[in-house]
Amino acid sequence: MEFGTIITTILMLTVQEGSILLFATLGEIFTERSGILNLGLEGMMIIGALTSFTIVYTTGNYLLAVLLAITASLMLSLVHAFASISLRVNQTVSGLAITILGLGLSSFLGRPLALSRARVEPIPAIPIPILKDIPIVGSAFFNQNIIVYLSYILAFLVWFILFKTNFGLNVRSVGENPSMADSLGINVFAIRYISTAVGGALCGLSGALLILGYYPSWYDGITLGRGWIAVALVIFSSWNPLYAIAGAYFFGMMGTLNSTFQSIGFYAIPADFFRMLPYTLTILVLTIFSYTKSKKKFGVPAALGQPYSRES
Amino acid sequence: MSEKSSRRDFVKLVAAGVGGVAVGAGIGYLAAPKGSTTTITSTTTASTTVTQTSPSTQRLTAGFIYVGPVGDYGWTYAHDKGREYAKNKLAWLDTKTVESVEEAKVQGAIETLIGQGAKIIFTTSFGFMDGTAEAAAKHPDIYFAHCSGYKSGAAGNATQNLSTYFAEFYQLYYLNGLAAGAMTESGVLGYVAAVPIPEVIRHINAFVLGAQQTASVRGKTIKCYVQWLNQWFDPEGAKKAATSLVENNNADVLGFTEDTPTVLQVAESYQKQGKKVWSFSHYSDMSKEGPNAHLTGQVVNWGPIYIDFISKAYSNAWESVDYWARIGDFAPYRWANLSKVSIKSEGAVYLAPLNPVIPQDVKDLIALRWEEMKELLFEPFTGPIKDMDGKIRLKEGERATHDILWNMDWQIEGVVTPLP
Amino acid sequence: MFGLNRVRFIARDKLSKKRSVGISLLSLLLAFLTSGVMFLFTNVDPVQAYVNLFGAFSNYALLSEAIVRAIPIMFVALGLTIAYKANFISIGGEGQIYVGGIIMTGLVIWQLDSNLIPQAVFIPIAIIMVFFGTGLWGVIPAILKAKVGVNEVLTTLMMNYVAQIFSNFLVIGPWKDPEGHGFPLSKEFPAYARLGLIPGTTINVGILLGVFAALLCYVILSKTKFGFEVKVVGGSYQAARYAGISYTKVVCLGMLMSAGFAGLAGMNILSGVTGKLRPDFSPGYGYTAIIVAWLCNLNPIISIFGSIFFGGLLVGGEVLQASMNISVGVTNVFQALMLIFTLSGEFFKRYKIVWRSD
Numbered sequence: 001m002e003f004g005t006i007i008t009t010i011l012m013l014t015v016q017e018g019s020i021l022l023f024a025t026l027g028e029i030f031t032e033r034s035g036i037l038n039l040g041l042e043g044m045m046i047i048g049a050l051t052s053f054t055i056v057y058t059t060g061n062y063l064l065a066v067l068l069a070i071t072a073s074l075m076l077s078l079v080h081a082f083a084s085i086s087l088r089v090n091q092t093v094s095g096l097a098i099t100i101l102g103l104g105l106s107s108f109l110g111r112p113l114a115l116s117r118a119r120v121e122p123i124p125a126i127p128i129p130i131l132k133d134i135p136i137v138g139s140a141f142f143n144q145n146i147i148v149y150l151s152y153i154l155a156f157l158v159w160f161i162l163f164k165t166n167f168g169l170n171v172r173s174v175g176e177n178p179s180m181a182d183s184l185g186i187n188v189f190a191i192r193y194i195s196t197a198v199g200g201a202l203c204g205l206s207g208a209l210l211i212l213g214y215y216p217s218w219y220d221g222i223t224l225g226r227g228w229i230a231v232a233l234v235i236f237s238s239w240n241p242l243y244a245i246a247g248a249y250f251f252g253m254m255g256t257l258n259s260t261f262q263s264i265g266f267y268a269i270p271a272d273f274f275r276m277l278p279y280t281l282t283i284l285v286l287t288i289f290s291y292t293k294s295k296k297k298f299g300v301p302a303a304l305g306q307p308y309s310r311e312s
Numbered sequence: 001m002s003e004k005s006s007r008r009d010f011v012k013l014v015a016a017g018v019g020g021v022a023v024g025a026g027i028g029y030l031a032a033p034k035g036s037t038t039t040i041t042s043t044t045t046a047s048t049t050v051t052q053t054s055p056s057t058q059r060l061t062a063g064f065i066y067v068g069p070v071g072d073y074g075w076t077y078a079h080d081k082g083r084e085y086a087k088n089k090l091a092w093l094d095t096k097t098v099e100s101v102e103e104a105k106v107q108g109a110i111e112t113l114i115g116q117g118a119k120i121i122f123t124t125s126f127g128f129m130d131g132t133a134e135a136a137a138k139h140p141d142i143y144f145a146h147c148s149g150y151k152s153g154a155a156g157n158a159t160q161n162l163s164t165y166f167a168e169f170y171q172l173y174y175l176n177g178l179a180a181g182a183m184t185e186s187g188v189l190g191y192v193a194a195v196p197i198p199e200v201i202r203h204i205n206a207f208v209l210g211a212q213q214t215a216s217v218r219g220k221t222i223k224c225y226v227q228w229l230n231q232w233f234d235p236e237g238a239k240k241a242a243t244s245l246v247e248n249n250n251a252d253v254l255g256f257t258e259d260t261p262t263v264l265q266v267a268e269s270y271q272k273q274g275k276k277v278w279s280f281s282h283y284s285d286m287s288k289e290g291p292n293a294h295l296t297g298q299v300v301n302w303g304p305i306y307i308d309f310i311s312k313a314y315s316n317a318w319e320s321v322d323y324w325a326r327i328g329d330f331a332p333y334r335w336a337n338l339s340k341v342s343i344k345s346e347g348a349v350y351l352a353p354l355n356p357v358i359p360q361d362v363k364d365l366i367a368l369r370w371e372e373m374k375e376l377l378f379e380p381f382t383g384p385i386k387d388m389d390g391k392i393r394l395k396e397g398e399r400a401t402h403d404i405l406w407n408m409d410w411q412i413e414g415v416v417t418p419l420p
Numbered sequence: 001m002f003g004l005n006r007v008r009f010i011a012r013d014k015l016s017k018k019r020s021v022g023i024s025l026l027s028l029l030l031a032f033l034t035s036g037v038m039f040l041f042t043n044v045d046p047v048q049a050y051v052n053l054f055g056a057f058s059n060y061a062l063l064s065e066a067i068v069r070a071i072p073i074m075f076v077a078l079g080l081t082i083a084y085k086a087n088f089i090s091i092g093g094e095g096q097i098y099v100g101g102i103i104m105t106g107l108v109i110w111q112l113d114s115n116l117i118p119q120a121v122f123i124p125i126a127i128i129m130v131f132f133g134t135g136l137w138g139v140i141p142a143i144l145k146a147k148v149g150v151n152e153v154l155t156t157l158m159m160n161y162v163a164q165i166f167s168n169f170l171v172i173g174p175w176k177d178p179e180g181h182g183f184p185l186s187k188e189f190p191a192y193a194r195l196g197l198i199p200g201t202t203i204n205v206g207i208l209l210g211v212f213a214a215l216l217c218y219v220i221l222s223k224t225k226f227g228f229e230v231k232v233v234g235g236s237y238q239a240a241r242y243a244g245i246s247y248t249k250v251v252c253l254g255m256l257m258s259a260g261f262a263g264l265a266g267m268n269i270l271s272g273v274t275g276k277l278r279p280d281f282s283p284g285y286g287y288t289a290i291i292v293a294w295l296c297n298l299n300p301i302i303s304i305f306g307s308i309f310f311g312g313l314l315v316g317g318e319v320l321q322a323s324m325n326i327s328v329g330v331t332n333v334f335q336a337l338m339l340i341f342t343l344s345g346e347f348f349k350r351y352k353i354v355w356r357s358d
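Residue numbers (the numbering used here), protein chains in the order written: chain D, 1 to 312; chain S, 1 to 420; chain V, 1 to 358.
Please keep in mind that the hints were generated in silico from the structure rather than gathered at the bench.
Bear in mind that the values here come from a model prediction, so they are computed numbers and not experimental data.
Be aware that one or more of the hints could be misleading.
[As the list claims (entries may be wrong)] Facing chain S, a subset of chain V residues (Cβ under 8 Å, in silico): (1) D13; (2) S16; (3) L62; (4) E65; (5) N115; (6) I172; (7) G182; (8) P184; (9) V273; (10) R278; (11) P283; (12) V315; (13) A322; (14) V328.
[Unchecked claim] EDC-like cross-link-like pairs, simulated, lysine to aspartate or glutamate; straight-line CA separation at most 16 Å: (15) S:K395 with S:E379; (16) S:K272 with D:E121; (17) S:K223 with S:E185; (18) S:K220 with S:E413; (19) V:K276 with S:D322; (20) V:K352 with V:D113; (21) S:K386 with S:E398; (22) S:K288 with D:E121; (23) V:K276 with S:E103; (24) V:K187 with S:D130; (25) V:K349 with V:D13; (26) V:K276 with S:E185; (27) V:K176 with V:D113; (28) S:K312 with S:D322; (29) S:K220 with S:E185; (30) V:K176 with V:E188; (31) V:K187 with V:D177; (32) S:K276 with S:E185.
For each residue, glycine too, the CB sits at the ideal point set by N, CA and C.
Can you build the whole structure from these sequences, using the hints too?
Pasting the structure below:
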């Protein structure tokens, strides 16, 4: 058992787990930057997962599966968008309702698949020549499937859109001060709808990756709380897509340490403390950034969770 | 544009919408085939294979309480298959199931099933034990059978309408081990284990024992690394554990006690990448999940046990028992054909189909040991056996007794990972 | 939708009680109809499904089971009611259940070793310790919000995970019963640490405690000065400041009570039902309670009945499974639909639609 192999295994598992989290986190960063809090990630993710599984199982068409998974989650997010933006209801409760709806629907609709022991072929990994031979990190990062490679690009894309384009500027200003944005002629409602939809779409992609990449059979509740972890991740990466990469991999790694520690016979620190670590650190990060409110660029979007209406 | 009229219009709009949906639902309801998906009604089903000349045309309803989802592909799935088996053979039987019942909620599920007419109830998890015993005491006219527990009328610590049943796998794990020892190249076994209870510890020990037999013939020593999940159903943890065992510990045969085929799937994905990693079936035939990686495995058919309980309940021949099903139990015939390679019988526990790549002499050894264990001529846990600290647990020629097996809390020499 | 120009929403000045109730009932009706349509689409007889879903209310044994499940939901819902009245959106009920369970188990284990507490008063002392112990846990997000402005939805959510993971760690590790054959369960609670059953029923005495707590909650919220302060804070932060009410004090005291009640839910599950600590002993009651508190309009007395209704739904889900082979997920869908329609209904309570007919 060499040190190098251990690190590579940890990294490989981390990248797999982290990529799933990364998509949902990037989507939610986009949504929350516009001021909408969407706690429905878990429900949207599992609907995306079920959709992708069903489509591949019945048609064998992977591309269609991914596209429909994105669409299904997107539609679910629009329900939340309508409730939060047009009806201005309490976003926390609305998001929670979406999660429960998604979980319940997927359990209900997915039951025949579970009973019939359906399974699909996972997407193969595509090793990138030369890059994959880099010692230690090569096979961890460059021997993954195509959706994972997409995640590498997407994080930078989201960062670019949010911070280097006019559209991104609009999104952020809507999230910081909607009434000012409104008076400058920015369509607050449209921006928020779009951001929520983007969040939903990326969440669906998370679900599709989960199933098509790693768990080729359908289990009830297969997302296992990843949607909630993504909510935490958004805070942990202080609403910055680039930090989200590090955050997603960090959270992903915490989940793999248990098996690694057992492999190498290291029992000193219970694995559970590492599982708790991401959440406690998130609270810490949240506290610190609320304390230093001046750092607007890296802090909570000021209008997060508050419904906007012209009369107020 | 008076506000009053526009509000009235709005109300009309909403009322129309509601009315529309109501009408639609009503039409739908009338049009929908009633009870089409329900499998459980009290109409008589056409009798299937065996025609039973039972004196009465009375029907019996059996209730099944599962700890997990039927779709787990493992423990609960096997129980459900057993239920189906019984249902297909007994024309007068109706069955009802409740899945994913929390262990503390078993009494509620039992009441639900009794309310649905169940006269015999199976509770399929150790954690249901206390709830089942209490319900049995409360309902002396209903029969109860609890899986993997130790409270029953037969054992003297519960009422007479409660029996227990269990399928023992360690013998099959020994046979798995024989195959493992023959196929391993690195000499390292990996084991993904659920909860550190004697049952699982027995499995691991038997697996390693078997592997040591066939590996020593090839001049290899066996080492076994164990990863504990602390849960029965954990596909995520199992995947990571299996991957760690292969990558970090160089294991090339993976045994497991976990409720899903995840470990086998991991082995299969390694095979696809050209690396020879082997694994097994658990509870049900999982060979399709890993056609290349699958060596053999332990399969349970709860069906004959369920038929036994249900028939006795139906014909008022019930008595409280404590079944500990092992190789050969509940089989309709005693002598298998030794030259047959696939050891499948209609018993409660049997081996999954053997992979053709296993050398013929090992297959013969497996067949031989199968017969010997069936007749209780061979006991895998026969001394000299030392535990991982070097202490002698079974002396030369000493056979493990029921108590030693039932309370096993030590790992044999060759297992590297200490118990948590 | 983006800014409809034919329809305008105008805030209502006041809403008659009748109309308010009417809107709520309409929301529930729509939820029923929508799930009914969903059943139809999946070839399930909706009438039969509903009969089974509400089967808990037709059968004494099942109704008892429904009430047993309702008790922890009720406790948490009461706690959340206090928090929500102060506009402190805590979703930490689930974690508080675990903290309550941890405190109770710790107390029992300590007692089994030291035997210092007289058995007769064990339960009352446990109640006090669980209440205040969990209360302290609940004050943390309150202080963070009051002093540093940290969003309480996010902190309470994170703390849920910490509590649950820690509870599981304890039961798999240090608090595992050494005579338990390796199963991840704590030692069984002795009889004096258990909440007994009401004679003649299968319901544990926690229900009496729960009803008492509901009445207490009602009195606190509507009859005391603190309750008034809670309402003011919940209405507007500015108004509270002008009135000289300390936001910090209200929120911290409020969360102390909120978490305290939720902790009692955890104690109830362990002492009243399972009799020992086990992994993941709360099946999401903390989240169900959020829905209950909302749907019961933040009224403690109505929450009693709302909790029983939801307990009945949970039992009904099992009846549905046993009788029609429908996945238990359908109760979640139903709950979610009720919530969504009720939330939308809230909108129509606040705004009326005015059509521009030009």
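So, going through the hints one by one against the coordinates:
Annotation: interface hint on D13 (chain V) violated; nearest CB of chain S at approximately 12 Å, more than 8 Å. With 8 Å as the threshold, the beta carbon of S16 (chain V) stays out of range of chain S, its nearest partner Cβ sitting at about 13 Å, so the hint is violated. Interface restraint check for L62 (chain V): the shortest CB-CB distance to chain S comes to about 6 Å, inside 8 Å, so the restraint holds. Checking E65 (chain V) against chain S by beta carbon gives a least distance of about 4 Å; that is within 8 Å, so the hint holds.
With a least beta-carbon distance of about 25 Å to chain S, the hint placing N115 (chain V) at the interface is violated under the 8 Å criterion. The restraint placing I172 (chain V) at the interface with chain S holds, with a minimum CB-CB distance near 5 Å, inside the 8 Å limit. Hint on G182 (chain V) holds. Least Cβ distance to chain S is approximately 4 Å, under the 8 Å limit. This hint holds: P184 (chain V) has a C-beta 6 Å from the nearest C-beta of chain S, less than the 8 Å allowed.
A least Cβ separation of about 5 Å between V273 (chain V) and chain S falls short of the 8 Å threshold, and the interface hint therefore holds. Taking 8 Å as the C-beta cut-off, the interface hint given for R278 (chain V) holds, the closest approach to chain S being about 7 Å. Evaluation of the P283 (chain V) hint against chain S yields a held restraint, the C-beta minimum of about 6 Å falling below 8 Å. Contact between V315 (chain V) and chain S, as hinted, is supported at the beta carbon level, the nearest pair being about 6 Å apart and thus within 8 Å.
With its C-beta approaching chain S no nearer than about 5 Å, A322 (chain V) sits inside the 8 Å limit, and its interface hint holds. At a threshold of 8 Å, the smallest CB-CB gap from V328 (chain V) to chain S is about 6 Å, leaving the interface hint in force. For the given pair, K395 (chain S) sits about 14 Å from E379 (chain S) by alpha-carbon distance, which is consistent with the 16 Å threshold. The suggested pairing of K272 (chain S) with E121 (chain D) holds, with an alpha-carbon distance near 12 Å, which does not exceed 16 Å.
For the hint pairing K223 (chain S) with E185 (chain S), the CA-to-CA distance comes to about 12 Å; that is within 16 Å, so the pair holds. At most 16 Å may separate the alpha-carbon atoms for a hinted pair to count; K220 (chain S) and E413 (chain S) meet this at roughly 15 Å. With a C-alpha separation of about 26 Å, the suggested pairing of K276 (chain V) with D322 (chain S) is violated against the 16 Å cut-off. Proximity of K352 (chain V) to D113 (chain V) is assessed by CA-CA distance (about 64 Å); at most 16 Å being required, the pair is judged violated.
With a C-alpha separation of about 12 Å, the suggested pair K386 (chain S) and E398 (chain S) falls inside the 16 Å cut-off, and the hint holds. About 12 Å separates the Cα atoms of K288 (chain S) and E121 (chain D), which keeps this hinted pair within 16 Å; it holds. Simply put, K276 (chain V) and E103 (chain S) have alpha-carbon atoms about 12 Å apart, close enough for the 16 Å limit, and the pair holds. Between the alpha carbons of K187 (chain V) and D130 (chain S) the distance comes to roughly 14 Å, so the proposed pair stays at or under 16 Å and holds.
For the suggested pair K349 (chain V) and D13 (chain V), the alpha carbons sit about 10 Å apart, so the restraint of at most 16 Å is met. For the given pair, K276 (chain V) sits about 46 Å from E185 (chain S) by alpha-carbon distance, which is inconsistent with the 16 Å threshold. Restraint check for K176 (chain V) and D113 (chain V): satisfied, since their Cα atoms lie roughly 15 Å apart, inside the 16 Å limit. Our distance criterion of 16 Å between C-alpha atoms is met by K312 (chain S) and D322 (chain S), whose separation comes to about 14 Å.
Straight-line distance between C-alpha atoms of K220 (chain S) and E185 (chain S) comes to about 8 Å, which keeps the hinted pair within the 16 Å bound. About 10 Å separates the Cα atoms of K176 (chain V) and E188 (chain V), which keeps this hinted pair within 16 Å; it holds. Among the hinted pairs, K187 (chain V) with D177 (chain V) is consistent with the structure: their alpha-carbon atoms are about 5 Å apart, no more than 16 Å. Taking the CA atoms of K276 (chain S) and E185 (chain S), the gap is about 9 Å. The hint holds against a cut of 16 Å.
Violation of the numbered hints given earlier is confined to hints 1, 2, 5, 19, 20 and 26; the remaining hints are satisfied by the structure.
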